[in-house]
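With chain G held as given, fit chain A onto it using these hints.
This is what each chain is made of:
Number of protein chains: 2
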Amino acid sequence: MEAGPPGSSRPAEPGPCLSGQRGADHTASASPQSVAGTELGRHPQAVAAVLPAGGCGERMGVPTPKQFCPILERPLISYTLQALERVCWIKDIVVAVTGENMEVMKSIIQKYQHKRISLVKAGVTRHRSIFNGLKALAEDQINSKLSKPEVVIIHDAVRPFVEEGVLLKVVTAAKEHGCSDYDLEFGTECLQLALKYCCTKAKLVEGSPDLWKVTYKRDLYAAESIIKERISQEICVVMDTEEDNKHVGHLLEEVLKSELNHVKVTSEALGHAGRHLLQIILDQCYNFVCVNVTTSDFQETQKLLSMLEESNLCILYPVVVVSVHFLDFKLVPPSQKMENLMQIREFAKEVKERNILLYGLLICYSQDDQKLQESLRQGAIIIASLIKERNCGLIGQLLIA
Amino acid sequence: MEAGPPGSSRPAEPGPCLSGQRGADHTASASPQSVAGTELGRHPQAVAAVLPAGGCGERMGVPTPKQFCPILERPLISYTLQALERVCWIKDIVVAVTGENMEVMKSIIQKYQHKRISLVKAGVTRHRSIFNGLKALAEDQINSKLSKPEVVIIHDAVRPFVEEGVLLKVVTAAKEHGCSDYDLEFGTECLQLALKYCCTKAKLVEGSPDLWKVTYKRDLYAAESIIKERISQEICVVMDTEEDNKHVGHLLEEVLKSELNHVKVTSEALGHAGRHLLQIILDQCYNFVCVNVTTSDFQETQKLLSMLEESNLCILYPVVVVSVHFLDFKLVPPSQKMENLMQIREFAKEVKERNILLYGLLICYSQDDQKLQESLRQGAIIIASLIKERNCGLIGQLLIA
Numbered sequence: 001m002e003a004g005p006p007g008s009s010r011p012a013e014p015g016p017c018l019s020g021q022r023g024a025d026h027t028a029s030a031s032p033q034s035v036a037g038t039e040l041g042r043h044p045q046a047v048a049a050v051l052p053a054g055g056c057g058e059r060m061g062v063p064t065p066k067q068f069c070p071i072l073e074r075p076l077i078s079y080t081l082q083a084l085e086r087v088c089w090i091k092d093i094v095v096a097v098t099g100e101n102m103e104v105m106k107s108i109i110q111k112y113q114h115k116r117i118s119l120v121k122a123g124v125t126r127h128r129s130i131f132n133g134l135k136a137l138a139e140d141q142i143n144s145k146l147s148k149p150e151v152v153i154i155h156d157a158v159r160p161f162v163e164e165g166v167l168l169k170v171v172t173a174a175k176e177h178g179c180s181d182y183d184l185e186f187g188t189e190c191l192q193l194a195l196k197y198c199c200t201k202a203k204l205v206e207g208s209p210d211l212w213k214v215t216y217k218r219d220l221y222a223a224e225s226i227i228k229e230r231i232s233q234e235i236c237v238v239m240d241t242e243e244d245n246k247h248v249g250h251l252l253e254e255v256l257k258s259e260l261n262h263v264k265v266t267s268e269a270l271g272h273a274g275r276h277l278l279q280i281i282l283d284q285c286y287n288f289v290c291v292n293v294t295t296s297d298f299q300e301t302q303k304l305l306s307m308l309e310e311s312n313l314c315i316l317y318p319v320v321v322v323s324v325h326f327l328d329f330k331l332v333p334p335s336q337k338m339e340n341l342m343q344i345r346e347f348a349k350e351v352k353e354r355n356i357l358l359y360g361l362l363i364c365y366s367q368d369d370q371k372l373q374e375s376l377r378q379g380a381i382i383i384a385s386l387i388k389e390r391n392c393g394l395i396g397q398l399l400i401a
Numbered sequence: 001m002e003a004g005p006p007g008s009s010r011p012a013e014p015g016p017c018l019s020g021q022r023g024a025d026h027t028a029s030a031s032p033q034s035v036a037g038t039e040l041g042r043h044p045q046a047v048a049a050v051l052p053a054g055g056c057g058e059r060m061g062v063p064t065p066k067q068f069c070p071i072l073e074r075p076l077i078s079y080t081l082q083a084l085e086r087v088c089w090i091k092d093i094v095v096a097v098t099g100e101n102m103e104v105m106k107s108i109i110q111k112y113q114h115k116r117i118s119l120v121k122a123g124v125t126r127h128r129s130i131f132n133g134l135k136a137l138a139e140d141q142i143n144s145k146l147s148k149p150e151v152v153i154i155h156d157a158v159r160p161f162v163e164e165g166v167l168l169k170v171v172t173a174a175k176e177h178g179c180s181d182y183d184l185e186f187g188t189e190c191l192q193l194a195l196k197y198c199c200t201k202a203k204l205v206e207g208s209p210d211l212w213k214v215t216y217k218r219d220l221y222a223a224e225s226i227i228k229e230r231i232s233q234e235i236c237v238v239m240d241t242e243e244d245n246k247h248v249g250h251l252l253e254e255v256l257k258s259e260l261n262h263v264k265v266t267s268e269a270l271g272h273a274g275r276h277l278l279q280i281i282l283d284q285c286y287n288f289v290c291v292n293v294t295t296s297d298f299q300e301t302q303k304l305l306s307m308l309e310e311s312n313l314c315i316l317y318p319v320v321v322v323s324v325h326f327l328d329f330k331l332v333p334p335s336q337k338m339e340n341l342m343q344i345r346e347f348a349k350e351v352k353e354r355n356i357l358l359y360g361l362l363i364c365y366s367q368d369d370q371k372l373q374e375s376l377r378q379g380a381i382i383i384a385s386l387i388k389e390r391n392c393g394l395i396g397q398l399l400i401a
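Chains as they are written, first to last, in full-length UniProt numbering: chain G, 1 to 401; chain A, 1 to 401.
Next up, chain G with everything else stripped away, as it sits in the complex (with noise of 0.2 angstroms):
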């Protein structure tokens, strides 16, 4: 059987699956496996991954073991099972883990809602570890929820950024070229334990730089500072209506289209049912600028706030929410507007158990049109450090612009 080319164009990259595919109870949106199995027809039918996730991780200086560090406040082995799930042609999903990671390991998957995923104990090395995945995939057993694989991707805990093209360049290379003397000689160890345990065929595949390894503290910091980037790439204004083109929201929406460049901007209407909202919410938009004009206090920003709730969008990362108030400070002072508005912190306090970050933001609203343009301008730059930050220290602040 040959293996086809990538059947989706859209990398596996960080990013929870579509709601559909996640939450039980959501039925709304097609499910992507059974889309995405017409068109990988001609994948290999049966391709299970194993990741060895023993190791201690001496060389990152901190006492966790590395899979199992934090970035935005969710370990590192999670992203690398989202990634490996985004990919709907594996089948099964088997991690090893130490005895006392065990319970760690399961509440990962229970809390992040991984799917796919089965247990087993890892070795003493990381041989060991492989191997035992192996044997869980190779054995026949009646109670066992595992298929026999045609293909296994033996894959690091700690490399979260692999992408499905790479992943099906190694699928596609062990069924096409076997294995060769050279692969024995230079390749890494692992591949003559999966020839030799799973009968399969395996070859050395190049990888992408993306498919790089976290070894050190110092890559911690780049995969913090990658996945911030990736979900950051896009804004949705969020305000009481999309008719009235001189609303304030819209001309701020047009100041952070322009003050942030390589950032997609898009504004919404809670209005409407909030149905073009909520399809903003499954495409995984993780930032919303929330402006609060026709009512008095946070009535849209808590409109919002369950919207949010009541989506899985926060499962697996923090959803930054900027909930602006307009006022003109030559009518009002700030401050006394500022009483109200108080009360965002406690608000913030709340939501951030659901993994919601909030905001306040007041704008000087003017009727000099160059002043206005000069807070919505320093509105934009508050709104974008927020965004790229994901500061938990700082919520139920409120800034002003």
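Calculated directly from the structure, the hints in this document are not laboratory data.
There could be a bad hint or two in this list.
Chain copies aren't distinguished; within one or between two, either way the pair holds.
[Claimed, not checked] Here are the computed lysine-lysine pairs in the DSSO-like style, where the Cα-Cα straight-line distance is at most 27 angstroms:
(1) K91 x K217
(2) K349 x K388
(3) K371 x K352
(4) K217 x K228
(5) K145 x K106
(6) K388 x K175
(7) K349 x K371
(8) K352 x K228
(9) K257 x K349
(10) K303 x K228
(11) K217 x K257
(12) K175 x K213
(13) K303 x K135
(14) K337 x K106
(15) K330 x K349
(16) K217 x K264
(17) K371 x K337
(18) K169 x K217
(19) K349 x K337
(20) K337 x K135
(21) K246 x K115
Fair warning: this is a prediction, and the values are worked out from it, not measured in the lab.
Then chain A, alone, in the frame of chain G:
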């Protein structure tokens, strides 16, 4: 001649030279170069460094050559120069840059007050650039400031974290071992050039993990995080008096100590003509929490800002100043106090020009001890966030704990 052990246990990590060495008008501290001259008496008398910096950085995926990419608004190459400059026994540093970047490089040397630097034109290849650097050192030109060195260190402009120990190993090995066939075969190619054109000995020496090269964009991210971490190791709490143990400044200091692990928290009074505080500034503390109690508004913060502006501390790294104000929210609503404190926005804009990041922090002062502790703890979290991120977009904001 045999090279001795490192003369100083202090690593040559990024951090500016003392201002005695750096600023022309400051003579209070002894010149580190003359002190080190005694300690490092057994070091080779004539060591120079050549930095090929003519690359275009195509793997970085950004238009700016990587050696000029900014980290905390300062170009990467300046960090590398700083690391070499701190090693007092390196007498000359020759940088090879392309003609089109010559002016940029000159302005970097001027802005960050680098010393002992000479510029030569880069060649079309890395080898040619090294050749040009070595030639400048080898020539006995009448007008040349350069002296012919015994040993030349060839160092990538994009390895900013080189430590004195590694450089010493390189020099020692070069003098002790000469160059073997093994080096010529497997070592980096520039060994051959060094041998051929500089009449010196050379040897491949093992580096440290810190010596890594900034190649990809992710390396820039990692470098930025490492630098931020390094300059966030110490916080100085500045207040009007040191006598009163019940002073809110001391309470805040205690909470900072208990909340922030791995950070050294000290306190200092502004009062005593600022003598001690001046020493803390000279010792390169980059983070200040200024408690305003006896005076209204910003008098104490302004005194501190003046001291910082007069020092050379801010030349190499952005310095964080958090202006703290205590207020009993029950007696005075925060809004009333805020009216006055809003002028911090103007101060912040001004001092940003001098590389000082100023933020305001209003801490709720309560007679209830438990409530006060909670506010102080919240304040400590905010201070930690501000210091960790060094976010330019949020300067001049008044945060509430």
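Comparing the hints with the structure gives:
In this homomeric assembly, K91 and K217 never come within 27 angstroms of each other (Cα to Cα): the closest approach is 32 angstroms inside a single copy and 33 angstroms across copies. In the homo-oligomer, the alpha carbons of K349 and K388 lie at most 27 angstroms apart both inside one protomer (20 angstroms) and across protomers (21 angstroms), since each shortest distance falls under that limit. In this homomeric assembly, K371 and K352 come within 27 angstroms of each other (Cα to Cα) only across copies, at 21 angstroms, whereas the closest approach inside a single copy is 34 angstroms. For a Cα distance limit of 27 angstroms, the shortest separation of K217 from K228 qualifies both inside one copy, at 17 angstroms, and across copies, at 14 angstroms.
Taking the shortest Cα distances, K145 and K106 sit within 27 angstroms of each other inside one copy (17 angstroms), while across copies they are farther apart (66 angstroms). Taking the closest pair of Cα atoms, K388 and K175 never come within 27 angstroms of each other, the shortest separation being 42 angstroms inside a single copy and 49 angstroms across copies. For the identical chains of this complex, K349 and K371 are inter-copy neighbours only, at 17 angstroms across copies versus 33 angstroms inside a copy, given an alpha-carbon limit of 27 angstroms. In this homomeric assembly, K352 and K228 come within 27 angstroms of each other (Cα to Cα) both inside a single copy, at 17 angstroms, and across copies, at 26 angstroms.
Only between protomers do K257 and K349 lie at most 27 angstroms apart by alpha-carbon distance; the minimum there is 24 angstroms, versus 30 angstroms within a single protomer. For a Cα distance limit of 27 angstroms, the shortest separation of K303 from K228 inside one copy, 26 angstroms, qualifies, whereas the shortest one across copies, 38 angstroms, does not. For the homomeric pair K217 and K257, the shortest alpha-carbon distance between copies (24 angstroms) is at most 27 angstroms, but the shortest distance inside one copy (35 angstroms) is not. Only within a single protomer do K175 and K213 lie at most 27 angstroms apart by alpha-carbon distance; the minimum there is 25 angstroms, versus 37 angstroms between protomers.
When the C-alpha separation of K303 and K135 is checked against a cutoff of 27 angstroms, the pair qualifies neither within a copy, at 51 angstroms, nor between copies, at 70 angstroms. Taking identical chains as interchangeable, the C-alpha atoms of K337 and K106 are never at most 27 angstroms apart, the minima being 47 angstroms within one chain and 51 angstroms between chains. In this homomeric assembly, K330 and K349 come within 27 angstroms of each other (Cα to Cα) only across copies, at 22 angstroms, whereas the closest approach inside a single copy is 32 angstroms. In the homo-oligomer, the alpha carbons of K217 and K264 lie at most 27 angstroms apart only across protomers (21 angstroms), although the nearest pairing inside one protomer, at 31 angstroms, exceeds that limit.
For the homomeric pair K371 and K337, the shortest alpha-carbon distances inside one copy (20 angstroms) and between copies (25 angstroms) are both at most 27 angstroms. For a Cα distance limit of 27 angstroms, the shortest separation of K169 from K217 across copies, 25 angstroms, qualifies, whereas the shortest one inside one copy, 30 angstroms, does not. Proximity of K349 and K337 under a CA criterion of 27 angstroms is satisfied in both settings, with 21 angstroms inside one chain copy and 24 angstroms between copies. For the identical chains of this complex, K337 and K135 are neighbours neither inside a copy (65 angstroms) nor across copies (69 angstroms), given an alpha-carbon limit of 27 angstroms.
Taking the shortest alpha-carbon separations for K246 and K115, neither the intra-copy value of 47 angstroms nor the inter-copy value of 55 angstroms comes in at or below 27 angstroms.
Violated hints, listed in ascending order, are 1, 6, 13, 14, 20 and 21; each of the other numbered hints is respected by the structure.
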